[in-house]
Amino acid sequence: MGCLLSVDEGSADAVTARLVEVEAYLGTDDPASHAFRGPTPRAQIMFGDPGHLYVYFSYGMHCCANLVTRPAGTAGAVLLRAAVVEQGEEAVRRRRGAAVGESRLLSGLGNLCKGLGIGLDDNGLDVTVSGRLTVAEGPDRPPLGTGPRVGISRAAGLALRFWWSGHPAVSRTKKGPD
DNA sequence: TGAACGATTTCCT
DNA sequence: GGAAATCGTTCAA
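Be aware that the first sequence starts at 1, since it is given in our numbering, and climbs by one per residue.
To be clear, the hints were calculated from the coordinates, so they are not data collected in a lab.
Note that this is a predicted model, so its numbers are computed, not measured.
Fair warning: there could be bad hints in the mix.
[Stated by the list, open to error] Capping the alpha-carbon separation at 20 Å, the derived lysine to aspartate or glutamate pairs in EDC-like fashion look like this:
#, residue 1, residue 2
1, K114, E102
2, K114, D140
3, K114, E89
4, K114, D49
5, K114, E86
6, K114, D29
7, K114, D8
[Stated by the list, open to error] Listed next, with one range per pair, are the computed distances between beta-carbon atoms:
#, residue 1, residue 2, range
8, A72, A99, 40 to 50 Å
9, R93, S58, 17 to 27 Å
10, D13, H62, 16 to 26 Å
11, R154, Q87, 29 to 39 Å
12, A14, G101, 20 to 30 Å
13, S130, M61, 18 to 28 Å
We put the CB at the ideal spot given by N, CA and C, even for glycine.
Given these sequences and hints, build the entire structure.
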């Protein structure tokens, strides 16, 4: 949370964003995780080395980005739910549209991927090696809010969602407490 | 080989 | 507030 995400650094489409909302997915013990059924072809990324990008396609129109967080052999990932643009807003608007509110440019799983240009092609990317996408620690620790995850049907009661308390870019599927 | 579902977003009523 | 859009993955036969 609060980390700086950089895409295509150095190019004309370079974008730097700061994470304001994430969700944790535990793996084989978590019925809501894609890794719950074991290392299927799709989920095997999450069983691999940490620092890799796990991108999946959902509802026929959305790409969603995760970062693998646990050691090889143990599934676990963090779903990137929302971020705020720090640099390269122009490049984001080119993909999202000029009319999108600034706080919503990267607010939401699908929107975040769309705005950053992350697609299935980036699945399995090693964030620690590739220059396409890099992650750096943020300058400070934002105030954290926690609550139940959103949009899932199983294990919805677990408080595995974390957001930047009070930040306008935090997505609000329903009424969003906070 | 076929069918159902999903870690959502957007537009229309 | 509700429904549609749309395709890869997974489960069943």
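Results for each hint:
Only pairs whose Cα atoms come within 20 Å are accepted, and K114 paired with E102 is accepted, the gap being roughly 15 Å. For the suggested pair K114 and D140, the alpha carbons sit about 26 Å apart, so the restraint of at most 20 Å is broken. At roughly 13 Å between alpha-carbon atoms, K114 and E89 fall within 20 Å of each other, so this suggested pair holds. Our distance criterion of 20 Å between C-alpha atoms is broken by K114 and D49, whose separation comes to about 25 Å.
At roughly 16 Å between alpha-carbon atoms, K114 and E86 fall within 20 Å of each other, so this suggested pair holds. Between K114 and D29, the direct Cα distance comes to roughly 30 Å. Violation of the 20 Å bound is thereby established for this hinted pair. Simply put, K114 and D8 have alpha-carbon atoms about 14 Å apart, close enough for the 20 Å limit, and the pair holds. For the pair A72 and A99, the supplied restraint of 40 to 50 Å holds, since their beta-carbon distance comes to about 44 Å.
Checked against the hint of 17 to 27 Å, the pair R93 and S58 passes, with Cβ atoms roughly 24 Å apart. For D13 paired with H62, a C-beta distance near 20 Å keeps the hint of 16 to 26 Å intact. The hint said 29 to 39 Å for the Cβ distance between R154 and Q87, and at roughly 38 Å that hint holds. Range check, A14 to G101: Cβ separation about 22 Å, and the 20 to 30 Å hint holds.
Roughly 25 Å separates the CB atoms of S130 and M61, a value that falls within the hinted 18 to 28 Å.
Checked against the numbered hints given earlier, the structure breaks hints 2, 4, 6 and satisfies all the rest.
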